[in-house]
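2 protein chains.
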Amino acid sequence: MSETIQLLRAHRSIRKYKATPIPQEHVTEIALAAQAASTSSNIQAYSVVAVRNPERKKALAELSGNQIHIEQSPLFLVWLADLNKVRTAIRLHEDIELQQNTELFLLATIDATLAAQNATIAAESLGYGTVYIGGIRNNPQAVSELLELPPLVYPVFGLVIGVPDQEPDLRPRLPLQAFLHEEVYQQEGVVNGIKAYDETTRTYYATRAGGEADTQWSKELIRRFNGGKLREHLQPYLISRGFDLK
Amino acid sequence: MSETIQLLRAHRSIRKYKATPIPQEHVTEIALAAQAASTSSNIQAYSVVAVRNPERKKALAELSGNQIHIEQSPLFLVWLADLNKVRTAIRLHEDIELQQNTELFLLATIDATLAAQNATIAAESLGYGTVYIGGIRNNPQAVSELLELPPLVYPVFGLVIGVPDQEPDLRPRLPLQAFLHEEVYQQEGVVNGIKAYDETTRTYYATRAGGEADTQWSKELIRRFNGGKLREHLQPYLISRGFDLK
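Listed in order, the protein sequences are those of chains A and B.
Every letter in the first sequence is one number past the one before it in the UniProt record's numbering, and letter 210, counting from 1, is 210.
Every letter in the second sequence is one number past the one before it in the UniProt record's numbering, and letter 207, counting from 1, is 207.
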């Protein structure tokens, strides 16, 4: 196993941080590592906003569902799918509009995500902890205003980076048979893998402080999805920001 | 700079491979590294299909726009956003349908992408080369049939992994000012960064074998996007596979 794989396998989300500052040199290294990720046809339809201002971090923490760790750590990165950049480049030469569709929206989202994961790994290799903040999509319009995002740009997720002030356990994942399929999709592996994982997670949840005693992964999914649809505002928000999701 | 950051910064897409086999042990290591990536609320709505069968790889190479490197290398991974897994887990307990929307579709896509980037880095740390294949979305219905994908699953992209048989140059990226924004989105940095990058890429394209002599990044974008919309079939395909993109 390579050292890098050991680093990848040791990943846990960190939700408690020290206030220790992050030197600009590290922010630059992390950003350059992010840009080194693959990007479809070199289109680079992504950006990242580095937020350090305490008031702005506080506002983003509230907008993301009161996630206090966004305030605790000195650095919060908001990852953007950015078609404004492509539109800007085109309009340096020609007065035409960027033709969009679901494919282009996805392409920008995927490229932003590949870059962000490189940033995560780079940060962890420097000894920092990280946590992704999907909650940035809770109030995307307010986030867009706060970060002065132009049309054709949306916040895909946030990423807290900082010095960890906790050491959480690794969380078990589904067994490989429910994830890695040989040649074709294996529904039997998925079913058997989920059943085995339900046993694993029953023990995990029962022995974890603050957790539900009598639950398991598949039951947690039911609880999550019975509470109504997630973020129903997202599609209308995206359309209001100029994305064409045809 | 950490060793891992050096690895990340050395990434280039490899489009020529040796036929050297990849031991199963490495495939397992790569898959476990992928699973170690963050996944929103531990939902794990992703899967990967490992394709090694030469006939199936050949078919996928053709469906992805005749990308011969998919056939050359012994391993082709197809990354799936997989809501079937979530639906399967829920229906072990209750006879209800998974409520979906754009948010859930995005969540699965993002999680599949985070996992895939971990796989890429793990593979590169073992000495392999990689290339993402967005072309898997050229003919997603045919790919779905070939890989026997159930409804609520779609191929986000492919990933070739293998022993490199070329050593391409690093491709320059946009300058940081057009990527990394301080506190709020900086349109001026984007414009200035694109102009600087256009000079860099003019030189890069002019000195590269087989490239257009007189072009630059922003002009390449115009050429790409003037050819009509990309993959117009994608949204109807996704709906036909049961995704609810409301």
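Don't read these hints as lab results, they were simulated from the structure.
Worth double-checking, as some hints may not be accurate.
One copy or two, it doesn't matter: identical chains are merged, so the pair holds either way.
[What the hints assert, rightly or not] Each computed DSS-like pair below joins lysine-lysine, with the alpha-carbon atoms no more than 27 angstroms apart:
| # | residue 1 | residue 2 |
| --- | --- | --- |
| 1 | K195 | K57 |
| 2 | K219 | K229 |
| 3 | K246 | K229 |
| 4 | K219 | K195 |
| 5 | K229 | K195 |
| 6 | K195 | K16 |
| 7 | K58 | K18 |
Query raised in the report: Taking 27 angstroms as the upper bound on the Cα-Cα distance, should K58 and K18 be classified as within, between, both, or neither?
Result: within (16 angstroms within a copy, 52 angstroms between copies)
Query - Intra- versus inter-copy proximity for K195 and K219 (alpha-carbon distance at most 27 angstroms) - result: within (11 angstroms within a copy, 53 angstroms between copies)
Query raised in the report: Is it within a copy, between copies, both, or neither that the alpha carbon of K195 lies no farther than 27 angstroms from that of K57?
Result: Classified as neither; 41 angstroms inside a copy, 31 angstroms across copies.
Query raised in the report: Between copies, within a copy, both or neither: which fits K195 and K16 at Cα up to 27 angstroms?
Result: neither (32 angstroms within a copy, 41 angstroms between copies)
Requested in this report: Evaluate K246 and K229 at a C-alpha cut-off of 27 angstroms and name the case that applies: within, between, both or neither.
Outcome: Result: close both inside a copy and across copies, 22 angstroms intra and 11 angstroms inter.
Query raised in the report: At most 27 angstroms between C-alpha atoms: does K219 with K229 qualify within a copy, between copies, both, or neither?
Result: within (17 angstroms within a copy, 42 angstroms between copies)
Query raised in the report: From the Cα coordinates, with 27 angstroms as the cut-off, is the pair K229 and K195 best called within, between, both, or neither?
Result: within (25 angstroms within a copy, 43 angstroms between copies)
Hint compliance for this structure: hints 1 and 6 are not met, and every other hint is.
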